[in-house]
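Asks: Both chains are sitting in their own frames, so use the hints and assemble them into the complex.
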Amino acid sequence: MPKTQANDRPEIDEKIEGTISRRSVLKIGAAAGAAGVLAPALLSPKEALAFEDPPAEPTRCDPQVGNPPPPQPDSPATTPFMDNFTAPFPAVPTILFPAPQETQNQGAGEAPRAAHQRWNQFQPEVQYHMIAKAGLHKFHAEYADTYIWGFNGRYPAPTVLNVYGHPTVVRFRNNLPLQTNTFGRNEITIHLHNGHHGSESDGFAGDFFGVGFWKDNLYPNCYAGLDAFGGNGDPKEKMGSFWFHDHRAEFTLNNNLLGLNGMFLVYDNTDPGHEFATPGSLRLPGYYGITDFPLILTDKKFCATVGGRTEMVNSIAGTDKWVVNGKIQPKMTVRRRKYRFRILNTGPTKVWTLNLVNPDGSTGTMTCIATDANFLEHPLRINATDGAANSNATTAPIVAGGLKVAVAERYDIIIDFSEYNAGDKVYLREAAVQRTINPSPDVLPPGLDIRNVILQFNVVEREWWFPPDTPAIPSTLCTYPTLPATDNNFEWQFVRDPACPAGTTPVPPRLFRVRRQGDGPLGCAFDAEHPAHAILRGTTEEWLINNNVGASAWAHPIHIHFEEFRTLKRFVNGVEIPVPPLMSGRKDVTFVEATQGSLIKMQFRDYNGRYLIHCHNMAHEDAFMMVRWDICPDPASLAACQAELQVCQEVQQCVPNP
Amino acid sequence: MERRKLLSRLFEPHPASPGAARYTNAVLRTQNNKEVRFYDDLIRGKQVMVNFMYAECQGACSLTTQKLKRIYTQLKPRMGKDLFFYSITIKPEDDTPAAMKHYAQMNKVDLPGWLFLTGDPFDVETIRFRLFGMSHPGMDLDDAMHAGMLRIINDGRNSWGMAQSFASDKHILKRISWHDRQKSYGELVKEYQALQKLIDRDVKLYGYRRDV
Numbered sequence: 001m002p003k004t005q006a007n008d009r010p011e012i013d014e015k016i017e018g019t020i021s022r023r024s025v026l027k028i029g030a031a032a033g034a035a036g037v038l039a040p041a042l043l044s045p046k047e048a049l050a051f052e053d054p055p056a057e058p059t060r061c062d063p064q065v066g067n068p069p070p071p072q073p074d075s076p077a078t079t080p081f082m083d084n085f086t087a088p089f090p091a092v093p094t095i096l097f098p099a100p101q102e103t104q105n106q107g108a109g110e111a112p113r114a115a116h117q118r119w120n121q122f123q124p125e126v127q128y129h130m131i132a133k134a135g136l137h138k139f140h141a142e143y144a145d146t147y148i149w150g151f152n153g154r155y156p157a158p159t160v161l162n163v164y165g166h167p168t169v170v171r172f173r174n175n176l177p178l179q180t181n182t183f184g185r186n187e188i189t190i191h192l193h194n195g196h197h198g199s200e201s202d203g204f205a206g207d208f209f210g211v212g213f214w215k216d217n218l219y220p221n222c223y224a225g226l227d228a229f230g231g232n233g234d235p236k237e238k239m240g241s242f243w244f245h246d247h248r249a250e251f252t253l254n255n256n257l258l259g260l261n262g263m264f265l266v267y268d269n270t271d272p273g274h275e276f277a278t279p280g281s282l283r284l285p286g287y288y289g290i291t292d293f294p295l296i297l298t299d300k301k302f303c304a305t306v307g308g309r310t311e312m313v314n315s316i317a318g319t320d321k322w323v324v325n326g327k328i329q330p331k332m333t334v335r336r337r338k339y340r341f342r343i344l345n346t347g348p349t350k351v352w353t354l355n356l357v358n359p360d361g362s363t364g365t366m367t368c369i370a371t372d373a374n375f376l377e378h379p380l381r382i383n384a385t386d387g388a389a390n391s392n393a394t395t396a397p398i399v400a401g402g403l404k405v406a407v408a409e410r411y412d413i414i415i416d417f418s419e420y421n422a423g424d425k426v427y428l429r430e431a432a433v434q435r436t437i438n439p440s441p442d443v444l445p446p447g448l449d450i451r452n453v454i455l456q457f458n459v460v461e462r463e464w465w466f467p468p469d470t471p472a473i474p475s476t477l478c479t480y481p482t483l484p485a486t487d488n489n490f491e492w493q494f495v496r497d498p499a500c501p502a503g504t505t506p507v508p509p510r511l512f513r514v515r516r517q518g519d520g521p522l523g524c525a526f527d528a529e530h531p532a533h534a535i536l537r538g539t540t541e542e543w544l545i546n547n548n549v550g551a552s553a554w555a556h557p558i559h560i561h562f563e564e565f566r567t568l569k570r571f572v573n574g575v576e577i578p579v580p581p582l583m584s585g586r587k588d589v590t591f592v593e594a595t596q597g598s599l600i601k602m603q604f605r606d607y608n609g610r611y612l613i614h615c616h617n618m619a620h621e622d623a624f625m626m627v628r629w630d631i632c633p634d635p636a637s638l639a640a641c642q643a644e645l646q647v648c649q650e651v652q653q654c655v656p657n658p
Numbered sequence: 001m002e003r004r005k006l007l008s009r010l011f012e013p014h015p016a017s018p019g020a021a022r023y024t025n026a027v028l029r030t031q032n033n034k035e036v037r038f039y040d041d042l043i044r045g046k047q048v049m050v051n052f053m054y055a056e057c058q059g060a061c062s063l064t065t066q067k068l069k070r071i072y073t074q075l076k077p078r079m080g081k082d083l084f085f086y087s088i089t090i091k092p093e094d095d096t097p098a099a100m101k102h103y104a105q106m107n108k109v110d111l112p113g114w115l116f117l118t119g120d121p122f123d124v125e126t127i128r129f130r131l132f133g134m135s136h137p138g139m140d141l142d143d144a145m146h147a148g149m150l151r152i153i154n155d156g157r158n159s160w161g162m163a164q165s166f167a168s169d170k171h172i173l174k175r176i177s178w179h180d181r182q183k184s185y186g187e188l189v190k191e192y193q194a195l196q197k198l199i200d201r202d203v204k205l206y207g208y209r210r211d212v
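Protein chains in written order, with the working numbering: chain A, 1 to 658; chain B, 1 to 212.
It should be emphasised that the hints constitute simulated quantities derived from the structure, not laboratory data.
It is possible that part of the hints are untrue.
Output of the computed footprint for chain B on chain A, the stretches with three or more beta carbons under 8 Å from beta carbons of chain B [what the hints assert, rightly or not]: (1) 108-117; (2) 196-209; (3) 605-613; (4) 640-652.
Over the 10 Å line for every Cβ pair with chain A, so calculated as not near, a few chain B residues [as the list claims (entries may be wrong)]: (5) F11; (6) V27; (7) R29; (8) V36; (9) D40; (10) Q66; (11) K67; (12) K69; (13) R70; (14) Y72; (15) Q74; (16) K76; (17) G80; (18) D82; (19) P97; (20) A98.
Nothing here was measured: the structure is a model prediction, and the numbers come from that model.
Yeah, the Cβ is synthetic: ideal placement off N, Cα and C, and Gly gets one too.
Pulled out of the complex, with its shape left as it was, chain B reads as follows (with noise of 0.2 Å):
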């Protein structure tokens, strides 16, 4: 029981989480022709990180689905357990379910934790502009705010980044795992030891702390 408990606080939101009023609760549809909520069922309480993307899209878009690709191989023990990955069409009109499955396979990205998602243009609209909306009154304002990035969302640390599609892999990990769960006090002593051996022998090997 105690155990159930633990579960189900994993996947708690934040107290502060502005919920399904932000995020919208739109109904998508993934590569599978599920239907699922997106809030209720894709972001409450998870970490997940999101693009946006469409199934024709040569260039920027294909580039950043074989960056994400290994992104995900480096994360593979998380990825659908407390990390997920959407990637969400900015052209619902023209990528139907089937039309986003064709693309994952053909990429060979339709894996466990990574959802292909489409629906009504509308709410695909409202999503993309609530999401890259960067509380950053400046820039919020700004109705241009769109793809490209990759938004990294925690509604269960109710923390939200962003992290660029075209950076190195070791950044994007790193602006992941900024936004990882609020972590024990034990989890982050063996985190910092970890970290602690790179910057030693970084010291070592440059002189400074460089790579870490």
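Bound-form chain A, shown alone (with noise of 0.2 Å):
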């Protein structure tokens, strides 16, 4: 065979004609184990390896000249539902090589890092290769490929599917491309939103690795309480629905814009992931991509196809498509009965405000479960008639029967279909329009706006062979664990420096910033070296989580890493408020919006490290919105990290201009 190149692999397939190709031996190879010991020996190092080639580089439409750069023009219009709304495909487990361990594996090219906490209770049962590299991405059927960095190079990245008691270690390997013309960053650190493990496997947002290295993280699928309650933790700190994104402090914006994120859900014997009548079962819609769906939610803007591609923006600001799983304007076949939507904002930046409506115009019901993957209580109907307190609005204007979503908060809602007629047409509205969108090829409900709608359900008569309907939804899903005595109270106070007078300049610039009691004018910057806060192992804390400082226009979705809280009181002005219901649950991100602030407890226990803070407003968390709190094992380690505690107290200058 004559010595080839590896990258004229197209011409060696039309050559070797009547025999098999490279290429068949390889997709034969992945296949059948017999014909993958065939392989090394007809295939380059670098084919035997199952490399592909990464999709071209985008060529950028946006060229970020000028300060501010101009605006780009509106994004190509597209034409509604031509798209079917598909459920992210199930991770396939796999088995790694080499095989996960509890020290760095060095040799094998892993990232630095500590030994994982609790590796002899879980060792790994169940293990996933997420390998980030470049790939296409079709965002609507009229759209041209558009280039994306994702999980195993999909958009949005393959859903974990895992169970409870079973630890799982998921290896993420970094091969995103040395040299990109994105405005990526091609160095990661994956976070799992809000697993509650060691801080090794927690993806802090310093720990982040190049190209060419992986890192296994062990989620050991355990309630929180190891340390209380023995064996597996506290059941009632049952979770569902995670999600796990790239964490790269300064560029986690970027990085998640161009795709880097995707769904975790773990089910347990409440919700088992199936909707038989098993013992503890809820019986809740369950079937995943059958009758339970992640709703990813992400806004974006597009330039025109040029050259079969249609690249993204990198913008925020003036973003036109808003983007459902991976999809823009979807349509999706729902048979009369229960669905359940696993509702996530992945940002970065955008707020959503939705409601169902109906085929006449009306609000239509939908039921939330869970907040922040946590089980409410009692489920909650939100619709027009079951009063705004039902929405997650607290000041107004008042979302009447809608959801607000802020970034990174989850919401699991389940809708009856069985209440529409088959025929029937169902739209989940945004508040927001899109601006470039075709006439709609269906009728609208009266009063609906084509650019409001993000998706699109026809409702048909369920036939004989899906899942019959499941029975009415538990009037209480759960019970909430009790929460202990409160060893420390703390604030945090979330601020955007102030700006100067006219003819002066702030010096330093204005940042978004993490205040502290005692801290200076400004507060804290992300310091990856420093603790903002130092906490002993084992004890809970009574935070104030507070937005109403100084003359605050902004709204901050803070999440807190590690462990769910409850919310305890609410603000406004300084004026406490009842907790709003969707906000009396189990969450990870409270949403403060101007003036208001969450009196928050939660619980620092079975693990030790660092672990952050943050506004998960991914604009804000790169601009350093963001600060790092320890878990410390013992007292005097808790006294030595006190003595490092992050200092901040920077004072603002308001220069004369020149």
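Replies: Here is the structure:
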């Protein structure tokens, strides 16, 4: 066989006529073990490792020239309801080689990390390989391919389906391009939002690693409360809808905009991923991709199609396409029965306000069963009649019958399509409009603007083979865990540096920061090397998350890593108001709009290490509204840590302009 | 010849670098009264850290200069080779090259790889706003973006970030390293081996990875 270069493979395929081509061997090799043994003899090392050539780098249509850069034209127009709404493909477990181990596997190219905590207790039973790499994705049937970065080259990433009590290792490998034309950064650190696990598996923002390396994250799939309850923890701490995403400091927004995020669902006996009457099961709609769907929201802007590509614009302002599970305005055929949707806002910055529109134009009913992966004690109906108090707004304007979803928040809702007739079309509506949408092929309900629609449901009769409807949603879904006594109170203020009078310039420039009690006027910006707060393992703290500082006009979805908290009090302008029903359960993101505050209670147990509290508006997060807090194993290390706390005494100066 | 090729590649700008269109090619003067073009001579293909100051400034500016001096000492082998510090005056009317030279000598920072720059006020103002745009529209549209921060640019990687001048040396060094040129796998292996040793030491000392 003539010696050939790896990059003229297409020709090789034609040349070896009548024989088996290298490429087919490769395919067989992937499918069958026996052929796989033969493959290395026939293939170049590159091919044997099944490295595909990455897609060509995009041509940027948005040169970031000038400050501010000139506005981009609107995205190319799209026709509604051309694509199908589908769930991302489930991730396929694999057997990792080399096998995951407790300590860093330096020889095999693992990125630096501390040894896994509780490794002996949680030996991984399930293993996944998630390769961050460039890929192509079609966001709309009328668009050409778009260059993305995704796990296993896909956007949205494959969904990991796991079960409590079965620890998992996910190997995140960085195969991103060494040199890229995009606005992304080829270093990653993956955070599972909001897993209860050691900090070495938590995707700490400063722990990113470069191209060619990988890192094993151990997800024990345990309930919180291991120290106190033993075994697999306190089952009352059950969670369901997790998501994983890149957390690279300074570039979280860019890498997430490019597509490095996906969902991670964990089941247990109350929520087993099927609909049979098994012991303890709540019998909620539960077949992934059939009656239980992630609903992953993001907003984007695209360039005109050039050279067979419709590239993404590096823009978070002026986005004009609402993307649901990777598609613009898709349609979905639903049977007359209950469906579960796990709404996730992957940001990067947009807050969504969703409601269901009936065929007659009235507001439909969504029943919220879980907030941020945690069941509500009692399901909550969200519609026009059950009261605006049920919606997620605490101040005007109240979202009548709507659900406000800030970045990183998840809401599991159930929609009962048996309330509709076959042939009905029901719409999921977002309050903000998209700009370039062609006329709707279907007649819309009165009062509904096609530019607001993000998803169309076509109701049909249930076929004989489709799973029958589940029983009514139980009136009690769970019991909240008991909260222990508080050991410490703490306050975090989320502030933007104040503006300076006209004719003067602030020094330093205005950042987004986190301020503690006793900090200087400005507060703390992200410092990966120093904790802003140290906590003794096994204690409980009450934190005031305060956005009623200065003349704040900003809204901050504040996310705390590691464990779920409970909201004890809500404040508007410093005045306590009742906790809205949708915030009354366990959550890991608390949305504080201007003048609002949340008093939350959270436990710090089972693991040691560095974790984060940050604004999940990724623009704010990258502009340093993030600080590190540590769980210290014993009083001695706590004292040592407290001596090393981040010092934030910066003072703003207003320097006269030259 | 191979070596020359390698050297020239070291200072090649990234293909997506916005180049002079963003950074401007304004003519500035160094403390030695030498004319330099901002993009072509100072940024193109290099890793640089830029801060704004003025010679008469008390407090923050001189603290920053002292801080940068300590950072400089730690990075000495790289300074002037693939890493440069630029301190640009925000009062170019007052700060002549001679005044900048005096300031540098007085602070004992007239060192290779560290330039003190002055120029036309309009040019300096333009550069200031171009550099402290953060590619976050909410912040970019705010025309109050300015000095005190350390802007880290690596044109060879089309990468930029920032560090706070008042933060610890450790923090600033780390931030600079976050924008180092794209390292080869071999270099990263060595770097990660060293880091792993520090992590192991940390775990032994504090029970968890704390300081690195």
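Asks: Taking the hints in turn, state whether each one holds.
Replies: Tested hints:
no.: 1; hint: 108-117; result: holds (count 6)
no.: 2; hint: 196-209; result: holds (count 4)
no.: 3; hint: 605-613; result: holds (count 3)
no.: 4; hint: 640-652; result: holds (count 5)
no.: 5; hint: F11; result: 15 Å, holds
no.: 6; hint: V27; result: 18 Å, holds
no.: 7; hint: R29; result: 16 Å, holds
no.: 8; hint: V36; result: 21 Å, holds
no.: 9; hint: D40; result: 16 Å, holds
no.: 10; hint: Q66; result: 16 Å, holds
no.: 11; hint: K67; result: 13 Å, holds
no.: 12; hint: K69; result: 19 Å, holds
no.: 13; hint: R70; result: 16 Å, holds
no.: 14; hint: Y72; result: 20 Å, holds
no.: 15; hint: Q74; result: 15 Å, holds
no.: 16; hint: K76; result: 21 Å, holds
no.: 17; hint: G80; result: 25 Å, holds
no.: 18; hint: D82; result: 17 Å, holds
no.: 19; hint: P97; result: 17 Å, holds
no.: 20; hint: A98; result: 19 Å, holds
In this structure, every one of the numbered hints holds.
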